[in-house]
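Listed in order, the protein sequences are those of chains H and Z.
Position one of the first sequence corresponds to residue 1 (the working numbering), numbered consecutively onward.
Position one of the second sequence corresponds to residue 1 (the working numbering), numbered consecutively onward.
Keep in mind the hints are simulated off the structure, nothing from the lab.
Quick caveat: nothing in here was measured; it's all calculated off a predicted structure.
Take the hints with a grain of salt, since some may be wrong.
Stated by the list, open to error - Facing chain H, according to a computed beta carbon distance under 10 Å, are these residues of chain Z, among others:
| hint | residue |
| --- | --- |
| 1 | 54 |
| 2 | 73 |
| 3 | 77 |
| 4 | 88 |
| 5 | 105 |
Ideal placement from N, C-alpha and C gives every residue a C-beta, glycine not left out.
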Amino acid sequence: MKARKPPVNYLGLAVLSAPLVWAIIFMFIPYMIILTYSFWIKKYPTFEPAFQFGNYVQIFTDPQYYQVLLRTMRIAALVTFFSLLLAYPFAYYLVFKVRSARLRLFLYMAVILPLWVSYLLRAYTWKTILGSQGVLNSFLVWSGLLSAPTDVLLYNQFSMVLTLTYIFIPFMVMPIYTALEKIPRNLVEAASDLGVPPLGVLIKVIWPLSLPGVLAGATITFCLTFGDFIAPILVGGPDGSMISNVITSQYGTALNWPLGSALAILMLVIVLAIIEVSDRLQKSERISTG
Amino acid sequence: MKSIIEIDNVSRTFGGKVVAVDNVQLDVAEGEFVTLLGPSGCGKTTLLRMLAGFEMPDQGAVRLDGKDVTFLPPYRRDVNMVFQDYALFPHLTAAKNVAFGLERQKLDRAEIAKQVESALQLVGLSAMAERMPHQLSGGQRQRVALARAIVRRPRVLLLDEPLSALDANLREAMQVELKHLHNKLGITFIMVTHDQTEALVMSDRIVVMHRGRIAQAGTPSDLYDRPASTYVASFVGTSNILEGTIVSMSDGIVFQQEGLTLRCPRLPGFSKGQRAVAAIRPERLRIVAAGAQGVNVIACTVEERLFHGNSVRLRCRLASGDVFLCDRQLNGSRDLGTLPDAGQAVHFAADPDSIALFQEDSR
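Excised from the complex, chain Z in its bound form:
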């Protein structure tokens, strides 16, 4: 597939000290929905702002459709942005906000009106065209911002935490809507978010960022199932992170922590005696009878039972003192009775292939 955006070894340092973006290399294919995911301060927003033209890199190049746009001002780039708090012009109606970016293009009035109308229709806001921004709800403002950006038919649409200001129900609905919009328009979407659920639901590809660098890039299921580091394992979804030592390399890798032995699949790069970190997803655990023999039995004490409606989370404590989580799906709340309660001892079993082993704790 053809790359629409090439980010070539880009770095950006603020005030000569804070490295916001550190040597990032990333290609985005035409029509892809890519999410930059990471906690605040990881450089994702700075990277997005460099694509928009609000920031210039200190080093490296940004290419749009093969053309170097590294130092092109925002108003000469064929990209548009949906801002985190929408940035609607408060002195203009919704329709005039949408028309704002068209007035520079040499179009006659009727054509502008037609395009504004169809953009507002696309986001379901035709009836609100003459409202001022302060007369609109948060969700409606978000739609106006979206319409304002897509009416210009940019090659790439940039979305800076577009859903973070919405309440939970609306956010979920908008996630689906944005995804539909992406399919319908066929243009490239690059979204920044710190919400991993959002990233998993919406993206074709997720780029996890950590301290200005790309920690891992891949499809949502790739990242979830095969995280490249403890950082990704704990940021995308939840993981139990256990520190220990490799005690044996025969018959897979045997990892040991105080009172706990785990057998993991054979991986290159590990050696006997070294420190290592194991990550286990809370939902990949089975509950087994006390005293059950076999590999990978983890004994701990339930401290809390957290009811989530369709599932329950057991918050347990290991012999080492670490917290250990286990999620169980519930088929109706009657299932709760079959689960151990707070204060009780419990034994979990983890299949070897459900354990990810890492060299170090990079959280």
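Just chain H, with the same shape it has in the complex:
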């Protein structure tokens, strides 16, 4: 019998072509342009085409750049850590302790709804809470805990981590909630039946089975924080600027597009690496748990 070629799926191609063209024009080509720029040389007042790695070398040798990069990673790690610390007990409480489905939905929405409010507004809110004329200071002075308003609450890394945790915590809650909800209740009952008290059940059954959700939440939260540049402007202060702010300034006032491009490419590589690692962990998790 003659081997038949599978028929060409024109309809499928047609459906796929629009997003493909979109991705090529608005993602692939711009990234290629930035990649190209990252090898260029700055020649005041503009830049010249070249193929050299000077911009990358500068990032790793000039403390001005690698320290911002490290700080950004530390802030992202802190935000991820605190989000997890708050989101996990919350999601656990929702899934395992709240009996009423209506109350559960309400509490879940209370976390998710802020996502529908403008990001700027949410970040700005913290400015009005933490500022020296802000709500928190007014309260502390009024209650007599402070004699005069303090300015330690705003424009530092503390306010950054606080604001970013607030902004990105829904992305931690959602996957953890989903993972916890998928754990069959009879596993919890079985563990209890086998003589393990509630805390042991949490550690030995619920936590390991919710790890995929934790991993997904941590990845999203870390990557979103890593690329944030608005919170640093609103609540960050002098030692709160992050890598995205540096990139913005390279394209703006510093007028060094090649260096900005190199930084952007580096960021892209870091984020892709994190997603790749997380993906592999997820897969190995799935293989071991089926």
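Given the coordinates of chain H, assemble chain Z onto it according to the supplied hints.
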């Protein structure tokens, strides 16, 4: 015999409306194999879950070995459960699943390993110790669940529809295996099932439940031969249920339905003129010649002949319009030729002592 479990007037209501368990009183002797039997929603699972500690009764007490455990959490009860869909921990190997319940007990590693090994051996799964649950078949998972529960040497083993997820052949093999295991271990088994065959085969005693109450409790043959109600008569095994009137009380009780008169043994509590229900097992009927005279001849028309291999079921229609079943053993399929075919009239005779008479239809 000493009672290991005393269920004392226990009730459980859900959401203030649905009465799942209604005033149940039951003692289970040490080493007994008791089955809670009933259709879904009869309260059997809720009762079992109260023994495990997953549900608390609204009223009454549960005692284990004389000690009140009514409000004791599951992890402090000396009972273990085999769950309906096994509830194996998907992130642990078979051996670690079995070891899970031992890690709380103060045992050293070598001792745990030894007990896990012997429990897996008992259920014939030594070779599968390092497999993950998703690498095991349904029957193997069932065995792991069993090993995980018995390795803790509980006073009572609870089994929640343990065989319902298995296919028919495996289920039959596991019925026998569970029974052997029960004899070998000597611990008390309490099983929940909706499968009456399973209950009849495996149990020392069956507790038939109906709408949260115990309809009847007794040995399998007790229940089969002397059902206490039409509900039990039709749930345990098959029965032809006929409604009619008591027309005479002389010479036994005479029960009459349109075109049908049955003479039954004398029983207390019946009076002439009252409505009553008669139940006859399909296999207790004899086929008699047309026009045969005598008591308890039932005339009907065969509608269908259902071949079961070793037996055949005649599905007939009575003059009253009711369906009437008769089972005949076959000694080879040649016997089929001697039986009436669809569309033919047939006459059955039922001995008086094969008829159970009840006050009302409680199905």
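Results of checking the hints against the structure:
| no. | hint | verdict |
| --- | --- | --- |
| 1 | 54 | holds, 6 Å |
| 2 | 73 | holds, 7 Å |
| 3 | 77 | holds, 8 Å |
| 4 | 88 | holds, 8 Å |
| 5 | 105 | holds, 7 Å |
Consistency with the previously given hints is maintained throughout, with no hint failing.
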